[in-house]
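There are 2 protein chains.
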Amino acid sequence: MKYLKKIKPLKNLSLVDKVEIRIIEFLKENNLKVGDSIPKELEFAEALGVSRTVVREAILRLRTLGIIESKKHKGMVLTEPDIILNIEKALDTKLIGEEMLKDIFELRLILEMGMADLLFARKTAEDLIELDKIVKKEEKDLFDSTIFSLEYEIRFHGKLYEMSGNNTLQRFQNLLLPVFQYYHDKKLPTDEKFEYSQKFVSHRDILNHLVNGSPESFRNAMRQHLEPHFDRVLNWIKA
Amino acid sequence: MKYLKKIKPLKNLSLVDKVEIRIIEFLKENNLKVGDSIPKELEFAEALGVSRTVVREAILRLRTLGIIESKKHKGMVLTEPDIILNIEKALDTKLIGEEMLKDIFELRLILEMGMADLLFARKTAEDLIELDKIVKKEEKDLFDSTIFSLEYEIRFHGKLYEMSGNNTLQRFQNLLLPVFQYYHDKKLPTDEKFEYSQKFVSHRDILNHLVNGSPESFRNAMRQHLEPHFDRVLNWIKA
Chain A
1 MKYLKKIKPL
11 KNLSLVDKVE
21 IRIIEFLKEN
31 NLKVGDSIPK
41 ELEFAEALGV
51 SRTVVREAIL
61 RLRTLGIIES
71 KKHKGMVLTE
81 PDIILNIEKA
91 LDTKLIGEEM
101 LKDIFELRLI
111 LEMGMADLLF
121 ARKTAEDLIE
131 LDKIVKKEEK
141 DLFDSTIFSL
151 EYEIRFHGKL
161 YEMSGNNTLQ
171 RFQNLLLPVF
181 QYYHDKKLPT
191 DEKFEYSQKF
201 VSHRDILNHL
211 VNGSPESFRN
221 AMRQHLEPHF
231 DRVLNWIKA
Chain B
1 MKYLKKIKPL
11 KNLSLVDKVE
21 IRIIEFLKEN
31 NLKVGDSIPK
41 ELEFAEALGV
51 SRTVVREAIL
61 RLRTLGIIES
71 KKHKGMVLTE
81 PDIILNIEKA
91 LDTKLIGEEM
101 LKDIFELRLI
111 LEMGMADLLF
121 ARKTAEDLIE
131 LDKIVKKEEK
141 DLFDSTIFSL
151 EYEIRFHGKL
161 YEMSGNNTLQ
171 RFQNLLLPVF
181 QYYHDKKLPT
191 DEKFEYSQKF
201 VSHRDILNHL
211 VNGSPESFRN
221 AMRQHLEPHF
231 DRVLNWIKA
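Residue numbers (the UniProt record's numbering), protein chains in the order written: chain A, 1 to 239; chain B, 1 to 239.
Keep in mind that the hints are not guaranteed to be accurate.
One copy or two, either will do: identical chains are not told apart, so a pair holds if it fits within one copy or between any two.
As the list claims (entries may be wrong) - Below, in silico cross-link-like pairs of lysine-lysine (DSSO-like), each with a Cα-Cα straight-line distance of 30 Å or less:
(1) 123 <-> 199
(2) 40 <-> 18
(3) 140 <-> 159
For the record, the hints were derived by calculation from the structure and aren't laboratory data.
All chains, please: the whole structure from these sequences, using the hints.
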């Protein structure tokens, strides 16, 4: 059960932890929705038999998670939490350890391999024209298109995420960018020497599959395009 | 720029928001690492020229995000935030709106299509034996294996996530389960009538690809297996 590693045993819960859990249960039991008002600090304190300070701290946590906000004249109301914003803040601290960074880097490869069907179902003529512009600019700027340029990678792949029509996926990709930068800056010495047996698949090739191919042909092209990254991922030792 | 929808304009930042941002900047500028102690509340208050109450609230937020914790005799120290736990708390509230639920449901399909290469690189003989047991039990319990049983879906696909060797992915899948349940309970009337043109691909078929096939053949089998879900996803209208 290693994926539950950070959930505290019940006996270690602080009073604030318990109050936080009770308030969340209260919201669920009463089937409260976004925009609904919730009881005042004092009412929670009386109902739960704890001090206002404890309730205040628990509510502050729910506020931080984006579950509650204060509205003028309405008091505290429920709000839809912005999950991605919370991840963003945590990632921003640079406190993420090596194992988590590896997981996240792998996640990027998984997402790019997995989004083919959404891309084919949702691509528009405008999208393809814009993607063509991105590739043309890249071809013009770089004599040797096999040189890995992070900026062009981000522009091309970022457009694909946008085309997926999945807003959460797109915001997720946005906040993963620093992780790519990290691995890009931290190239292994062996990276340069590695000889790729398969033909290099360029952004132009991928675009051609998007225009004339199928989700299946796109996935195979993307897999080859991502070969240097997969090569790193499939060879590293995980804890 | 719709993916930045919830980031507040600078002028709307409260004093606590500003102090929170300054403290995060301070951690980054000083290159502080997990386990390092940070200054006391009073020191932050004096350095920033704000009240201790404001600093306390900002620090409480960082504590909620899992960036800071209090240690006996060491005061406040930095800790690696548990990103997944924060998402879990937010999802747990049932305040997630329809659009986000759709995004998350799509994300599951993307992940299952995209993880093939990791599965082939990391599968072990033990994994395959366990997966075979899961499928055998399913075949024994269900006379008609085309009946969609959520329990068997979770057991089989959950094992695949575990085999990916990506701890973050696995925990992520775990907390997505309520979303699958939601869509499972909320079957559209058209779901039953839909005629699938492609051959139904069972868990047994997918397992055979894992044993004897390639990442490519696995992806194609998985795509067919997920057809009823993709059919729903590719037909819904997104905001």
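**Intra- versus inter-copy proximity for residue 18 and residue 40 (alpha-carbon distance at most 30 Å)** = both (18 Å within a copy, 26 Å between copies)
**Message:** One pair to classify: residue 123 and residue 199, alpha carbons no more than 30 Å apart. Within, between, both, or neither?
**Reply:** Cα proximity of residue 123 and residue 199: in one copy and across copies (26 Å, 27 Å).
**Message:** I want to check one pair: residue 140 and residue 159. Are their C-alpha atoms no more than 30 Å apart within a copy, between two copies, both, or neither?
**Reply:** within (19 Å within a copy, 47 Å between copies)
Every hint from the earlier list agrees with this structure, and none is contradicted.
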